[in-house]
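Using the hints, put the two chains back together into the complex; each one sits in its own frame.
Spelled out, the chains give:
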Amino acid sequence: MNEEPTPDDELAGMLRAFDHAHEISSADMERLAHRIDHGAAAILAHRELPLAWWEFAIAWSRPLLSFGATTALVAALLLIWAVSNRPAEPARTSDSQALLNTLVAPVEYHIIREPNE
Amino acid sequence: MSARGPSARNASFPAADDERRNEEDLISRIRAGDRAAFGELIRLHLPRAYTLAFRVLRHREDAEDLVQDAALSALAHIEAFNSARRFWPWFARIIVNRGLDIAAGRSVRSTDPIPDEFASAAASPAERAERREVLDRFRHALALLPPRQQLVVQLFELDGYTVSEIADLLSSTSTAVRWNLHAGRMRLREALAPLHGGNT
Chain A
1 MNEEPTPDDE
11 LAGMLRAFDH
21 AHEISSADME
31 RLAHRIDHGA
41 AAILAHRELP
51 LAWWEFAIAW
61 SRPLLSFGAT
71 TALVAALLLI
81 WAVSNRPAEP
91 ARTSDSQALL
101 NTLVAPVEYH
111 IIREPNE
Chain B
1 MSARGPSARN
11 ASFPAADDER
21 RNEEDLISRI
31 RAGDRAAFGE
41 LIRLHLPRAY
51 TLAFRVLRHR
61 EDAEDLVQDA
71 ALSALAHIEA
81 FNSARRFWPW
91 FARIIVNRGL
101 DIAAGRSVRS
111 TDPIPDEFAS
121 AAASPAERAE
131 RREVLDRFRH
141 ALALLPPRQQ
151 LVVQLFELDG
161 YTVSEIADLL
171 SSTSTAVRWN
181 LHAGRMRLRE
191 ALAPLHGGNT
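Line by line, the protein sequences give chains A and B.
Those letters in the first sequence? Residues 1 to 117, by this note's numbering.
Those letters in the second sequence? Residues 1 to 200, by this note's numbering.
Source of the hints: derived by calculation from the structure; they are not laboratory data.
Just so it is clear, the structure is predicted and the values come from calculations on it, not from any experiment.
Misleading hints may appear alongside valid ones.
What the hints assert, rightly or not - According to the in silico footprint, chain A covers these stretches of chain B (three or more CB under 8 angstroms from chain A):
id, region
1, 48-57
2, 80-94
3, 142-154
4, 158-172
5, 178-186
What the hints assert, rightly or not - Incomplete in silico selection of chain A near chain B, CB under 7 angstroms:
id, residue
6, I36
7, A72
8, A75
9, A98
10, V104
Quick reminder that beta carbons are idealized off the backbone N, C-alpha and C, glycines included.
Same shape as in the complex, but just chain B (with noise of 0.2 angstroms):
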């Protein structure tokens, strides 16, 4: 069994067949109008989905406001969606597209504050300056890629997601998805060049 994909992640999910029953079920209830029954779904799937939006923006508050965009979305055809296959992947879609959307039309966000633990790893306080630097210039590397490499290289390096994954989840092909992991990571090893002796 591989380490990584669905098998990897999902070791502590309940049966798939059973999940796959009350998934219908739910799915069911809430075509007839079952408030409680969409909450209930939502609520399976809500940690994931915010963690995904998450990875799209890398913003708290503009990752909720995809979360509910993208969960009303749903809601409003939920009637278009095949009960035959599994909610999450249809789920995780929409919040891609929609997140994707609206990542290209704004500009870049550099929010995340520099770890202190990397920072201070060094030895002395040179050596913590230049760490800081490199650390700086990696989260400005990261900041700069476009949204869908960054999406593609944390999904992989971060969440465990195999190419055929990504690839679905982007409606792209595995072969576009290694080519924006191969220039995502590319761009990343750079930022981190001088830690390992390399050109500033």
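Just chain A, with the same shape it has in the complex (with noise of 0.2 angstroms):
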């Protein structure tokens, strides 16, 4: 069943005198040819061809260069924001009166305790 058939010798003769197909001429088959290669140049004009690294820097450069400049901006005008609605600091006392008050403080301790002795 695996044996490889035998040709039909009459059957190959028969169907050979109703074989057309090497009846295309040289002049046919190049015009052929041509219409091939007109279509061809259609499908190619829109292939997208893979990027070198260096190209794809370039195409990238652009719009990662524009990201940049505004994530900048935008920090910049968050930390604006932000310092100009920083509460405000407590008044600070003065120097002298500093002075004044570590004086005073033990000279009351002693006008409070004083009365019981």
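What follows is the structure, encoded as structure tokens:
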């Protein structure tokens, strides 16, 4: 069953008589080749070719620069807003008043304690 | 060495290794957008591509359209092609698959004229008339074969393809190819039976 069938010479002869596959001229074959060439031009024109690494970097440089500049601007605006909205600090005591407070504090202690002695 | 198959058919082709390297180079250039390389690759295979397309559709203009359609489809999908393999079997399968789809969807064409030399081989006018009738039956039997059977019989008997090569071309099995070959031969031999004194 797995043997290769034997060719049928009579059948082949009859088939060959009706076979017109080889009746195409070389000029017609070349014309067909030109038709295919013409169709190929349109397909090849639309092919997206793989990028080299430098082409990839160039292609992405513009959008990345724009993104970086925008990020920096937003950060600057946020910083300005944060600074302008910082809460006010309490009033600072002068140095002389601080010295006076240091001297008076022990005196007040004795005044309070002495009435009982 | 078998009298059939690629060795017998390709005896005049360049060495297999050189041809493969040339093909790999052409396909690399095609993938880089080289239009001339595609033209060169197609011209290498155009004669047998047309013959195969004609075997499927048995009409010259249809065969030309099929070859063009299949070639451009191969170009559009060239990235999917494994360049370690030979281009022709892949290209041939595209032709056969598309061609069989077309053949299945159209009515039977029977435009082949009866060859004069066969009818004229008979000695007397009566015999010539009888011979022409038999040839006409054969032509119709051939046209009425299912497209796949018609293709299998022609590839085997006319082009020397082996059963396994035909199976690969049709993405089928050797068993299915043998069956189609047997069934097609039977129908065609029935048409030729009167030449051997059989019933008409």
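Right, here's what the structure says about each hint:
{"no.": "1", "hint": "48-57", "in the structure": "holds (count 4)"}
{"no.": "2", "hint": "80-94", "in the structure": "violated (count 0)"}
{"no.": "3", "hint": "142-154", "in the structure": "holds (count 3)"}
{"no.": "4", "hint": "158-172", "in the structure": "holds (count 3)"}
{"no.": "5", "hint": "178-186", "in the structure": "holds (count 4)"}
{"no.": "6", "hint": "I36", "in the structure": "5 angstroms, holds"}
{"no.": "7", "hint": "A72", "in the structure": "40 angstroms, violated"}
{"no.": "8", "hint": "A75", "in the structure": "44 angstroms, violated"}
{"no.": "9", "hint": "A98", "in the structure": "83 angstroms, violated"}
{"no.": "10", "hint": "V104", "in the structure": "92 angstroms, violated"}
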